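Using the sequences plus the hints, can you model the full thing?
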Amino acid sequence: MVPRASIARKSPNEVNIRQQRLFIEALQQSKHELDSNNDGTLNIDEVMKVGEKLGMTPGQTRALFKKLDRNGDGEIQMKEIPKSSLGAFLFFNFVISPALLLAVCFVLGAILAAGQGGGTL
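Here my numbering is used: the first residue of the sequence shown is 1, the next is one more, and so on.
Derived from the structure by calculation, the hints contain no laboratory data. One or more of the hints may lead you astray.
Unchecked claim - Computed list of lysine to aspartate or glutamate pairs in EDC-like fashion (alpha-carbon distance at most 20 Å, straight line):
hint, residue 1, residue 2
1, Lys67, Glu52
2, Lys67, Glu14
3, Lys67, Glu80
4, Lys49, Asp35
5, Lys67, Asp45
6, Lys79, Asp45
7, Lys66, Asp45
8, Lys83, Glu33
Here the structure is a predicted model, which is why all the values come from computation and not from measurement.
See the structure below:
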């Protein structure tokens, strides 16, 4: 039997990979509708609507918002929203710079293209 003190408790603000993916997909699909003042950014109030629709706690939504707000200005720029589920997974689960992510995507694209065309890298 495991002692109670050694059992890791999940934080109420912890978000699993599925929730991250759904959150990003919802932001991608509705980002222009959510941007109520058409300034090209989303504030916490606009983003809270997405979390609420997905059944996330306010703490979970704030945690994801904080991760997406790369420059810490209290707003998510449209360009700060990952464009794909893979990008979202890498963004949330690994500290990765956009330049490194772009390089990884470029290499993966080259590998896929080489495999389809029968060429080699």
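Here is what the structure says about each hint:
1. For the hint pairing Lys67 with Glu52, the CA-to-CA distance comes to about 18 Å; that is within 20 Å, so the pair holds.
2. For the proposed pair Lys67 and Glu14, the alpha carbon gap of about 12 Å is at most 20 Å, so the pair holds.
3. The hinted pair formed by Lys67 and Glu80 meets the criterion: a straight-line CA distance of about 10 Å does not exceed 20 Å.
4. Between Lys49 and Asp35 the alpha-carbon distance is near 11 Å, which keeps this suggested pair within the 20 Å criterion.
5. Annotation: proposed proximity of Lys67 to Asp45 holds, straight-line Cα distance about 16 Å (limit 20 Å).
6. With a CA separation close to 18 Å, the supplied pair Lys79 and Asp45 stays within the 20 Å bound.
7. For the hint pairing Lys66 with Asp45, the CA-to-CA distance comes to about 13 Å; that is within 20 Å, so the pair holds.
8. For a cut-off of 20 Å, the pair hint linking Lys83 to Glu33 stands: about 17 Å separates their Cα positions.
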